[in-house]
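Given the coordinates of chain A, work out where chain B should sit on it, guided by the hints.
2 protein chains.
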Amino acid sequence: MIKRSEEMASVDRLQAIPLYHQIFVQLREEITSGSRAYGSRMPTEEELSESFGVSRITARRALAELADNHLVARKRRVGTHVIYQSPARPIQGSIDQAIESLISFGRNTQVKIHDFETVAARAPVTDALDLAIGTPVLRVTRVRWLDDAPLSYMVSHVPDVLAGAMTRAALKSTPMLSLLEQGGARIGAASQTISASLADAQLSNLLDVDIGSPILRVSRTVMDVDKRPIQHVLAHFRPDRYQIKLDLQSAYS
Amino acid sequence: MIKRSEEMASVDRLQAIPLYHQIFVQLREEITSGSRAYGSRMPTEEELSESFGVSRITARRALAELADNHLVARKRRVGTHVIYQSPARPIQGSIDQAIESLISFGRNTQVKIHDFETVAARAPVTDALDLAIGTPVLRVTRVRWLDDAPLSYMVSHVPDVLAGAMTRAALKSTPMLSLLEQGGARIGAASQTISASLADAQLSNLLDVDIGSPILRVSRTVMDVDKRPIQHVLAHFRPDRYQIKLDLQSAYS
Chain A
10 MIKRSEEMAS VDRLQAIPLY HQIFVQLREE ITSGSRAYGS RMPTEEELSE
60 SFGVSRITAR RALAELADNH LVARKRRVGT HVIYQSPARP IQGSIDQAIE
110 SLISFGRNTQ VKIHDFETVA ARAPVTDALD LAIGTPVLRV TRVRWLDDAP
160 LSYMVSHVPD VLAGAMTRAA LKSTPMLSLL EQGGARIGAA SQTISASLAD
210 AQLSNLLDVD IGSPILRVSR TVMDVDKRPI QHVLAHFRPD RYQIKLDLQS
260 AYS
Chain B
10 MIKRSEEMAS VDRLQAIPLY HQIFVQLREE ITSGSRAYGS RMPTEEELSE
60 SFGVSRITAR RALAELADNH LVARKRRVGT HVIYQSPARP IQGSIDQAIE
110 SLISFGRNTQ VKIHDFETVA ARAPVTDALD LAIGTPVLRV TRVRWLDDAP
160 LSYMVSHVPD VLAGAMTRAA LKSTPMLSLL EQGGARIGAA SQTISASLAD
210 AQLSNLLDVD IGSPILRVSR TVMDVDKRPI QHVLAHFRPD RYQIKLDLQS
260 AYS
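As given, the protein sequences belong to chains A and B, one line each in that order.
For the first sequence, this note's numbering assigns the number 10 to the initial residue and increments by one for each residue that follows.
For the second sequence, this note's numbering assigns the number 10 to the initial residue and increments by one for each residue that follows.
Take the hints with a grain of salt, since some may be wrong.
In this list, chains with the same sequence are indistinguishable; a pair is considered to hold if it fits within one copy or across any two.
For lysine to aspartate or glutamate, the following EDC-like pairs were computed, each having C-alpha atoms within a straight-line distance of at most 16 angstroms [stated by the list, open to error]:
| hint | residue 1 | residue 2 |
| --- | --- | --- |
| 1 | Lys236 | Asp139 |
| 2 | Lys254 | Glu38 |
| 3 | Lys254 | Glu109 |
| 4 | Lys121 | Asp136 |
| 5 | Lys236 | Asp256 |
| 6 | Lys181 | Asp124 |
| 7 | Lys236 | Asp136 |
| 8 | Lys236 | Glu190 |
| 9 | Lys121 | Asp217 |
| 10 | Lys121 | Asp157 |
| 11 | Lys84 | Glu54 |
| 12 | Lys254 | Asp219 |
| 13 | Lys181 | Glu55 |
| 14 | Lys121 | Asp209 |
| 15 | Lys84 | Glu109 |
| 16 | Lys121 | Asp156 |
Just so you know, these hints were derived from the structure itself, not from any lab.
Since we're looking at a predicted model, the values are computed, not measured.
Next comes chain A alone, as it looks inside the complex (with noise of 0.2 angstroms):
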């Protein structure tokens, strides 16, 4: 049996928080981090109550507070498409250089893995890899180690026709991008998203730091030649261990 992707979009009944607000909290996060892009259209209230398992009345609600917002807007017939726009353009770099940068980053670091599965799809997954909810997907978990102490704590997902070759014991020595390489895949280009968060509960315990220390949140989305996506990475780093160097250049330099 597949299991459903549980940390992607997910309500928690327990909490005092409202359903809709939770609803409306990861959506806000999926937009502004621009896994939902500017122009996009939202799922209906249909599709929310299903991949959220909450009723209609719910889903309604949370869409209506993402347009209080100015996120989206909703229109009669057209469905609900997200206005907000970052104020910032997003900065070019160089697609080989940064793989090679990666790859070496595995291969400098030890690496721990939790979870090795294949999962159902489901959102945002599916929007970031351009699958249909439901479609089978490798799900890893996995925490890289530097000096004894952890580093950071990634949630991977990759197309499961393309994770054929793909073990826990060739993770254990071999970057994830370098089994996708050997696996025929070609890398053609990424995107990422820099963002920072708190650590919860699991993250405090994963990476060994206090509930509410500081996170260094990174959204990435790899693609191949053909710009199809092949994997979705979101990893979270400690910041007193780990920061993000971007050095830039003239391009005739």
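Frame of chain A; chain B shown alone:
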């Protein structure tokens, strides 16, 4: 009289945390954020005690704690050097497009200028701008607003010799980089370190968030075409309102 730039290198004698540990925490941040590069020379005990206004013994204990944490190595006659190496190599990006993006960010947001004053430079601004301690620098603090809510708080330092045409009034309507360019500077490169931290009382107040909220933190040094540093900015963003986007593509595409 030239005031000292307070927030960059200071200890708080009213805090319960020992002075040497406050200095340690600040220097550790400068090392792991890359402001103090691998292999670079650390200040001597004498220099530290002068720039923080503490005793030699306190300065020595701060350096010893850095050594205990494998961040620096202390060698007789040779001095203290940074031995911390970030596990990831920097990502390379295009400066022209990034500067355009920064300037457009400035034009698409509103700015409120808080401080605008000439101060005597001290570490780590002296290191970032390659200036002697005490050199006059223009220090500007600003909050950027979008849609009637604050987005970022920035502390900028520019060598006083380049700040000639910069006025409080000009900065209200024109991004600082545009003013530097209008003053004759030719922007050639920039290095950025992206990290995460928590809002303290000051940031909570300036950015209208709770104390302890996550903050996306960017330290950026801009250099001219001759690799001379012309501006250092420490920017603090509200991650619910701003994220950094990074698009990676093949150089040939």
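We went through each hint and held it up to the structure:
{"no.": "1", "hint": "Lys236 with Asp139", "in the structure": "within (11 angstroms within a copy, 43 angstroms between copies)"}
{"no.": "2", "hint": "Lys254 with Glu38", "in the structure": "between (24 angstroms within a copy, 14 angstroms between copies)"}
{"no.": "3", "hint": "Lys254 with Glu109", "in the structure": "within (14 angstroms within a copy, 19 angstroms between copies)"}
{"no.": "4", "hint": "Lys121 with Asp136", "in the structure": "neither (28 angstroms within a copy, 38 angstroms between copies)"}
{"no.": "5", "hint": "Lys236 with Asp256", "in the structure": "between (25 angstroms within a copy, 13 angstroms between copies)"}
{"no.": "6", "hint": "Lys181 with Asp124", "in the structure": "within (12 angstroms within a copy, 52 angstroms between copies)"}
{"no.": "7", "hint": "Lys236 with Asp136", "in the structure": "within (14 angstroms within a copy, 42 angstroms between copies)"}
{"no.": "8", "hint": "Lys236 with Glu190", "in the structure": "within (15 angstroms within a copy, 37 angstroms between copies)"}
{"no.": "9", "hint": "Lys121 with Asp217", "in the structure": "within (14 angstroms within a copy, 39 angstroms between copies)"}
{"no.": "10", "hint": "Lys121 with Asp157", "in the structure": "within (12 angstroms within a copy, 45 angstroms between copies)"}
{"no.": "11", "hint": "Lys84 with Glu54", "in the structure": "within (13 angstroms within a copy, 66 angstroms between copies)"}
{"no.": "12", "hint": "Lys254 with Asp219", "in the structure": "neither (25 angstroms within a copy, 28 angstroms between copies)"}
{"no.": "13", "hint": "Lys181 with Glu55", "in the structure": "neither (41 angstroms within a copy, 47 angstroms between copies)"}
{"no.": "14", "hint": "Lys121 with Asp209", "in the structure": "neither (20 angstroms within a copy, 34 angstroms between copies)"}
{"no.": "15", "hint": "Lys84 with Glu109", "in the structure": "neither (45 angstroms within a copy, 34 angstroms between copies)"}
{"no.": "16", "hint": "Lys121 with Asp156", "in the structure": "within (14 angstroms within a copy, 44 angstroms between copies)"}
Going down the numbered hints, you'll see the structure goes against 4, 12, 13, 14 and 15, while the others check out.
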